[in-house]
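As they're listed, the protein sequences go chains A and B. So the first sequence is numbered by this note's numbering: it starts at 1 and just counts up by one. So the second sequence is numbered by this note's numbering: it starts at 1 and just counts up by one.
Hints listed in this document are in silico derivations from the structure and should not be mistaken for laboratory results. Watch out, some of these pointers could steer you wrong.
Computed, partial: chain B to chain A, Cβ under 7 angstroms [unchecked claim]:
#1 Asp36
#2 Val37
#3 Ala65
#4 Arg66
#5 Ser67
#6 Leu68
#7 Leu71
#8 Asp102
#9 Glu105
#10 Ala143
#11 Gly165
20 angstroms max Cα-Cα, derived SDA-like pairs, lysine to any residue [said to hold, decoys possible]:
#12 A/Lys140 with A/Lys335
#13 A/Lys22 with A/Gly32
#14 A/Lys140 with A/Val164
#15 A/Lys140 with B/Gly60
#16 B/Lys128 with B/Gly60
#17 B/Lys110 with A/Gly32
#18 B/Lys110 with A/Val74
#19 B/Lys110 with B/Thr9
#20 A/Lys335 with A/Glu362
Note that this is a predicted model, so its numbers are computed, not measured. Every residue gets a Cβ at the ideal spot worked out from N, C-alpha and C, and that includes glycine.
These are the residues of each chain, in order.
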Amino acid sequence: MRVGLVCPYSLDVPGGVQNHVKDLAEALIALGHEVSVLAPSEDEGDLPAYVVSAGRAIPVPYNGSVARVSFGPVVAARVRRWLRAGEFDVLHIHEPATPSIAVLALWAAEGPIVATFHTSQVRSRAMSASATVLRPSLEKITGRIAVSEYARDTLVQHIGGEPVVIPNGVYVDRYAQASPRPGWRGEGGTLAFVGRIDEPRKGFPLLLEAFATITEVHSGVRLLVVGGGDIDRARKSLPADLRSQVFFLGRVSDEQKACALKTADIYVAPNTGGESFGIVLVEGMAAGAAVLASSLPAFRQVLGGGRYGVLFEAGSASDLATHALALLADEARRKALARAAGPAARRYDWSVLAGQVVEVYETVIGTERSGVR
Amino acid sequence: MMTWVYLVTAIAVLLVLGLWLSWTANRLDRMHHRIDVARASLETQLLHRSGTTLELATSGALDPARSLLLLDCAHYARAAAADAFEPAESDLSEALRAVFADAEEVVTLKQDAGVGELLVELAGDCRKVVLSRRFHNDVVVSARALRSRRRVRWLRLTGRAAVIGTVDLDDAPPEGLAAD
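Please put together the full structure from these sequences, using the hints given.
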């Protein structure tokens, strides 16, 4: 099958949508499909072979933050050229409701079109006005995919339709086969946290509160912190006796993140809300760490209600500490959880999810043999 | 006899002093009034600019990507709270510059029967925003200078008039539009 993927945001900048598109493209190629990705890019020489540049991205204010996108008459002409040259069987557009090449491609194309919606937060007032401008384009979409239940709700509320949910995938083997770093290990056990440290809903302050209790009872425990934010300030705010026990790795590559999760005995997800899908839990499960997560609905679902990890009361530092201490003291239980979680993580492997996406393609193409025009 | 002279002089001095102070208070009052007028004018121009932007965005003359961006920023600017309008209006200026970056295309668009007029109107709106903001800030700066005088502060001639600030936002118009 010849698939055309459109990514609205610049591939040079890391981001959820960009990573999703790259991972999906690679998974589709691995399944034997021909894939071309159209995306804005600064540096055309540095792109994977399957990517076609739509031109330079410019930063514009959109939906309360800054998006790096490209548009304009020259870019629109490039989009049309790419569509014609590609002779795609199906066109798959990501985040089509953005002022970018995504909506330009939708505008220019006819035929079997699939769209994936990533965002779960939109400013509703602007969105309902945008619907008027967008409707003629959005009507062309046959298959709608949402990456989470939250994104699905947003989509149904503002645009309507019956989207299917296909979550973000994980390359499970990258985590399962990562090698642990003995230097990062704590002598009394290792906890890992992944997420921005200065975003309160990721729960880092809550974890620190619990960690103080944990180290009182169980000495020599180390906390590995993976994620960006103001590390100097975070380190200064720690009590002096904890400073040597908390190890900030900062923003690291996916490989190093995998190593950190592989090194950890327990992966803690203390998020207090706003998490639409617990992709990061799947990474922990795949790496073989015992997962300890707050009891948010999305986390509960990924952990099979507690079969593949331990849930604690969301927002409660004392409950977090109690469960962490119990897990630290019980190696057999940690092993049993990891054994159950490994196969469960496979459900979110890109090879499985790309198969689901292909099923959507096949349904959308149906009997239409003319391809994308 | 001498006492009389002193008394009359004292009364005269007090009278002059009183007149001078009341004149200062009057000046201040007029200045505050001019600030109110200038502020209202600036707000009207900003509303007019976002209104024209909305009209352009929904006219169908631009591709959906640019229409969407303009709609979003114009809505955001109009809906912004009183203490958040500066970043929102700056975002709109930035979006307008990004959308009308291609000067040659703007020339072609201006000849279009449907949107040509709207574009000319928008260009005017952008220029008027620049002007009205400059005038507003000019009055604010002179009012602040007067308010910082000792006699004004010590005798509280300002009364209960609120502290006034300049309006700081990015109002640089798109180059393609500005060239008329």
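| field | Broken hints, by number | value | 1, 2, 10, 11, 12, 16, 17, 19 and 20
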